[in-house]
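There are 2 protein chains.
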Amino acid sequence: MNTMDELLEDMIQDLYNAEKQLTKALPKMAKKCTNDDLKKALETHLKETEGQVEKLEQVCKDLGIKPTGKVCKAMQGLIEEGEEVLSDGKPSPIMDAGIIGAAQKVEHYEIAGYGTARTIADQLGHMKAAKNLEQILEQEKAADAKLNDIAMKSVNREAMQASGPAGRASLK
Amino acid sequence: MNTMDELLEDMIQDLYNAEKQLTKALPKMAKKCTNDDLKKALETHLKETEGQVEKLEQVCKDLGIKPTGKVCKAMQGLIEEGEEVLSDGKPSPIMDAGIIGAAQKVEHYEIAGYGTARTIADQLGHMKAAKNLEQILEQEKAADAKLNDIAMKSVNREAMQASGPAGRASLK
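If you're matching them up, the sequences are chains Z and X in order. The number in my numbering is simply the position in the first sequence, starting from 1, with 23 added. The number in my numbering is simply the position in the second sequence, starting from 1, with 23 added.
One should not assume that every hint holds.
Which copy? The list can't say, so a pair holds if one copy fits it or any two copies do.
[Said to hold, decoys possible] DMTMM-like mimics (lysine to aspartate or glutamate), calculated; alpha carbons at most 25 Å apart, straight line:
id, residue 1, residue 2
1, K169, D33
2, K43, E106
3, K93, E103
4, K151, E106
5, K164, D111
6, K51, D33
7, K113, E157
8, K176, E157
9, K84, D172
10, K62, D85
11, K93, E106
12, K51, D111
13, K43, E181
14, K63, E77
15, K78, E106
16, K93, D111
17, K62, E77
18, K43, E103
19, K113, D33
20, K70, E29
21, K43, E107
22, K62, D111
23, K84, D60
Note that these hints are calculated values from the structure, not bench results. All values reported here derive from a predicted model rather than from experimental measurement.
Only chain Z is shown next, with the shape it has when bound in the complex (with noise of 0.2 Å):
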C-alpha cells in the first residue's frame, strides 16, 4: 500500500466483495421475516444492493481498476452472525427484531466503508467516483432508518407481545 489511489482501490475492493455477498444473504434474510414490512425492506435493498453492485463496476472503470481481488471478511462475519439469529429457533417477531439487530449491523459496516472511500476519492479528486459513492452511502443510510422505524413501529412491539408476560407487562 504505497499511495492514497492504491488505499482507495483496496477499500473499492472491499465493498465490492461485500455487496457481493449481501446479494446471497438478504434473500435468506427476507425468507424468514414474518413481519411483511421488513420481508418487502429486505427485499427492496436486495434490489438496491444488486444496483450498488453495478454502480461499483462503473466507479471502478472510472479510476481504470478491477473490482474484484478481495474477499471482505468483516462481512462474511456479519454474514455468519445474521444465520445464527436466523437457525436459532423457528421465525418469529423476536426473530424479526434479531433480524434487523443484524441487518442495522451491515448497514453501518457500509456506511463506514463507503464514508471513508467518497471521502478519500473526494480528496483524490476523482468527483465522478466520489459522486457514485456518495450516492450509495446514502441509500445505505436510508435503509438503516427504515430499519430503525419498522423496529420502532411495528416488529419490537410485536416481539415484545410474543414475548409471554413479562414482555407484555413491559407494553404498558
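Go by the hints and put chain X onto chain Z.
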C-alpha cells in the same frame, strides 16, 4: 430465542465479547500509527473500551445474566480486516489512513449494536441497563467522530503528501 429478554442477553454477550477482542486489537493498531494524534486517540479509546467491559459486566449483573458465552464473529472479521491493513507494508501516513478506515468500521459495528440493545432494554423497562448502554453508545459515537476529525485535519493530508506526485497534485 423465545423472548425479547433472551434476544437482549444474546446481544449484550455479543458486545461483551466484541469489546474483549477489541482490547487486544487496539494496542496493535496504536503501535503502528505514525500520526501522534491518531496513536493517542486509539490509546484513549483502549482505556474507554476497558471501562466499557466493566460497564457491561455491571449491566449483566443488573439483568441477572452472564456476560460470557458468545463469540462475536463480526468483530473477528473486522479485526482480521484491520490486521490486513497493518501487515500491508511499513507504517506510513497511508497505513494511518487505512487504520482510521478499519477503526471507524469497528466503531460503526458497535454503534449499531449498542443502539439496538439500548432500545430493547429501554422497551423492556430495564432502565438502568438502558442508561449504561446509552452511555457506551455515546462514547462510541464520539470515538468515531474523533477519528473522522483526525482524518480530515491531518492524516489524509499527510497521506496525500506521501503518495507521490499524483497524491500531492490533488492537494492543491
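At most 25 Å between C-alpha atoms: does K63 with E77 qualify within a copy, between copies, both, or neither? Within one copy only: 22 Å inside, 40 Å across.
Can you tell me if K113 and D33 fall within 25 Å by alpha carbon in one copy, between copies, both or neither? The answer is between: 16 Å across copies meets 25 Å, while 39 Å in one copy does not.
Regarding K93 and D111, is the shortest C-alpha distance of 25 Å or less found within a copy, between copies, in both, or in neither? Answer is between; shortest inter-copy Cα gap is 14 Å, intra-copy 30 Å.
Classify it for me, K93 with E103: is the Cα-Cα distance of at most 25 Å met within a copy, between copies, both or neither? both (18 Å within a copy, 13 Å between copies)
25 Å Cα cut-off: does K51 pair with D111 within a copy, between copies, both or neither? So K51 and D111 pass the 25 Å test inside one copy only (14 Å; across, 35 Å).
One pair to classify: K62 and D111, alpha carbons no more than 25 Å apart. Within, between, both, or neither? within (18 Å within a copy, 40 Å between copies)
Under a CA distance limit of 25 Å, which applies to K62 and E77: within one copy, between copies, both, or neither? Result: close within a single copy only, 23 Å intra versus 37 Å inter.
How would you label the pair K43, E103 (within, between, both, or neither) given a Cα cut-off of 25 Å? Classified as both: same-chain Cα gap 15 Å, cross-chain 19 Å, threshold 25 Å.
Classify it for me, K169 with D33: is the Cα-Cα distance of at most 25 Å met within a copy, between copies, both or neither? Between copies only: 23 Å across, 29 Å inside.
Cα distance capped at 25 Å. Does K176 pair with E157 within a copy, between copies, both, or neither? Answer is between: at 20 Å across copies they meet the 25 Å cutoff, but 28 Å inside does not.
Within a copy, between copies, both or neither: which one fits K70 and E29 at a CA-CA cutoff of 25 Å? neither (29 Å within a copy, 32 Å between copies)
Within, between, both or neither: K43, E106 at alpha-carbon 25 Å: both (16 Å within a copy, 22 Å between copies)
Violation of the numbered hints given earlier is confined to hints 4, 5, 7, 9, 10, 13, 15, 20 and 23; the remaining hints are satisfied by the structure.
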